[in-house]
Amino acid sequence: MFHNLAQLPRYRGLIQSLVARELKARYRGSVLGFFWSFINPLTLLLIYTFVFKYVMPAAVKGADPYPLFMFCGILPWTWFASSLVESSGVLISGGNLIKKVLFPAEILPIVTVTANMIHFFLALPILVVFLIVYRAPLTVSELLWFPFVVAVQYVFTLGCALILSALTVHFRDIKDILSNVLTLWFFATPIIYPYLFAPDIAKRFLNWNPMAHIVISYQEILFFNGPFGHWKWLLALAVASVGLFLAGYWIFDRLRDSFAEEV
Amino acid sequence: MTSAIEVSRVSKIYRRFSHRKQFATLKSALLSRSLIKNLRPDETFTALNDVSLRVPRGTTLGVIGRNGSGKSTLLKLVAGITKPSSGTVTVDGRISALIELGAGFHPEISGRENVFINGIMLGLTRREVTQRFDEIVEFAEMKEFIDAPVKTYSSGMYMRLGFAVAIHVDPDVLLVDEVLAVGDEGFTHKCLDKFGEFKRRGKTILLVTHSLGMVERFCDEALWLDAGRIKGSGDPKRIVGAYITDVEQREEKELAATDAKARQSASAAIVSPDEPASAVLPDTPMETATGPADMFRATEGRWGSREIEITDVALLGPDGQPAHIFQSGEPLDLRIRMRAPLPIDDFVVGVGVFNAEGICCYGTNTYIEELTPEWLVGDAQAIFSIESLDLVEGTYKMDVAIHKMDGYPYDYHRLLYTFRVKSRTKDVGIYRPRHGWRFSGDVRFKKTTGSS
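Heads up: the sequence lines are chains C and L, in that order. In terms of my numbering, the numbers along the first sequence are unbroken and rise by one, the last being 263. In terms of my numbering, the numbers along the second sequence are unbroken and rise by one, the last being 452.
For the record, the hints were derived by calculation from the structure and aren't laboratory data. A hint or two may mislead.
[Unchecked claim] No more than 30 Å apart at the CA atoms, straight line, and that leaves these computed lysine-lysine pairs for DSSO-like:
| id | chain 1 | residue 1 | chain 2 | residue 2 |
| --- | --- | --- | --- | --- |
| 1 | L | Lys426 | L | Lys199 |
| 2 | L | Lys151 | C | Lys175 |
| 3 | C | Lys175 | C | Lys24 |
| 4 | C | Lys99 | L | Lys231 |
| 5 | L | Lys151 | C | Lys99 |
| 6 | C | Lys99 | L | Lys194 |
Input sequences plus hints: build the corresponding full structure.
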C-alpha cells in the first residue's frame, strides 16, 4: 500500500492533464461554457435566499446578510457532494482504462475530487464580490486559515471518494443510496441555518458531522465577526481526515485487483 | 541473452458468482450477513493453467490458439493489468500494450489533446509527447483532423491515432493483441513495417493473433495455447502446422456430426413419390444441372420412392478413409452404396456440388454422360472419382441422387453431404482452373519467405 502511495506523486502530470481534460470536456458544446460554474451555485443561492428571506424569515434570524452566509456554506458543499456522486461512478465509467491500459485506478477518484475543487475555486470570485458588497469583516490572520480549511476538506473528500469508488464496483446500488444520504447530510450540515441557532440536542449530533466543522470554519473565517475560534475542531478534523484518507486508500488498494474483472 | 518476459507457473482463475442476483445490493448483503460468505465464488473458470514461458530479449513471440484459449488473459497478465491467481510474471523494461487502441480517448476534446493525455497515460512525459507529436500525427495520417474533437473521427481514424500514440511510446516490450485488423491495407503495412523496425532495434514483441501467416513470417517463436494450457511452443512453422492440423481435426468432427444430423432428420421426413416430388423436380432428368433458376428451392432433404435406396454415401480422401476436409487439388472419391430389392432397368445416378451460397459449382449424372442403364439389382456401389478437387477454399454441400431418366426420384438426397476445402492460397471464385504464370520482359518478383 505505501509503495503504491509513494508512486502517486509520479502521476502528477497525468492527474494534471486529466483534470484539465475533465474541465474542458465538461462544458464543451454548451453555450455558456465555464459560466455554468458560476450560474449553478447562484441559482441555488437565489432559491434559498428567496425561501429564507421572504417565505420563512424567522428561521434564519441572526444570519444577515443571508446570501453571503449561504454562499460560505453552499460552495464547499457543492464541491463535496458532486465529488462523491461523480467518484461513486468513476471506476465504472472509466472501466475501459482499467481493463485495457495499465493505469493506476486511484487516479480516477483523485481527478474527480480535484476537478471539483477547481470548480470551487472558479466560483470563489462571486464570493469575493459578495464579500466586498456586504463589507464583510475580514482579517488577514483569519484569511490565512482559509487554505488550511480547503486542504482539510480536500483530504477528507478524497478519503470518502476512494472508499466510495472502490465499493461501488462491487455494490452498484451505492450510487442510489448515496444520493439519499447526501440529501440528509445537506440538512444535517449548518449550511442554510447557522449552527448557533440549532437546539442543543441537534448540536450534539452536528458535532459528529465532519462536514459541519468544515462549513462552520468557512463561515467563521468569511462571515462571522471575531477571531477564528473553531480551530481546535478543525485541527482534530485534519488529523481524522488524514486517517480517513489512509483507510480509504487501504480499502482501495485491497480491492484494486478486482477492478479489472468487475467493472 | 537475458529474458525480457518471464512467466513462471502462472494460473489465472476467474470467479463467477452464480447467486450474484441475491446479493447485488449492499443492503441485502448486510441484512443477511452473508457479505463475506457471498464474496466467495462458488464457481471458477480457469483461464490459464500453470503456464510458464520465457521470452528472451529481442525475440518476437506469436501466441495462437482458439477463441477462449487464454491468449488475451496471458497478454493482460504480462501487461500487469490483471494479477495472476498464482505464479509470477516478470517483465524487464517499459511495456506498451496495444490491447485496445485509443482506450483512453475522450470523445469531446480534440485529437491533439487526446494524444497528449494518452501519451502521458502510457508513460511518457509531456515533453516527450511534444517531441514526438509531429511524428505521431504523421504516422496516423491525421494532419488535417488533429484539432477536431475525437467524436467526429471515423473508427479507422480513431484506431490509427491510438496505434500511432501507442507505438511511439518507444517501449522495450511491445504487447499486441489482434489490433492489426484495423485500418486499410496501406496502414496495416505501415504497422508491420513499424514492427519490423522494432525487431531490428532489438525490442521484444509479444503478438496475439489469429493470422497464422503473420506468425510464420514474422515471429521467431510461436506459442500455442489451448484451454489455458500450453499445447506447444517453438519453431513457428512447426507450431502453426500442428495448430492447423488440430483445427482441421476438430472441424472434421464437427462436420461429421452436423452431417449425420442432417441425414437423420432427412430420412425421418420421407416424401412419397407420387405427389410433391414431381413439383419439386421438374421433367429435366437432373434438376441440379439446370442452373440457378430453381436454386432458391434448394433446401436440404430427402425424398423418393426407394425402389432403389441409397444406403450409404461417403467422401473418401486420398488415403481411402472417409473425410470431410480436403486440400484443394487433392483427389476425392465419392462412394455411393445403394440397394434395389427388385431389378430395375431405368436408373440414373447423379451428383451435384454446391457452394455455401447455394450456387451449383458442378453437376452431372450418368444420363448426361451417355451411360445407358441396363439393370441394377441387390447391393451395388458407385464411385464418383474426382482426380483433382479444383475448388477454392470454402464449405460445399453435395446432392446425391438416383432417379428415372424422366426425373421420377427413387432416392434423392438434397444437400445432405458437407465437406470443406482448404487452401493455402486465398483465391476467390467458384472454380480453380489449373494454372500458372509466365512472364516475359523485364519482370522480377522477390523471393517470398514463409509461403509454401
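Checked hints:
{"no.": "1", "hint": "Lys426(L) - Lys199(L)", "result": "28 Å, holds"}
{"no.": "2", "hint": "Lys151(L) - Lys175(C)", "result": "28 Å, holds"}
{"no.": "3", "hint": "Lys175(C) - Lys24(C)", "result": "25 Å, holds"}
{"no.": "4", "hint": "Lys99(C) - Lys231(L)", "result": "27 Å, holds"}
{"no.": "5", "hint": "Lys151(L) - Lys99(C)", "result": "21 Å, holds"}
{"no.": "6", "hint": "Lys99(C) - Lys194(L)", "result": "25 Å, holds"}
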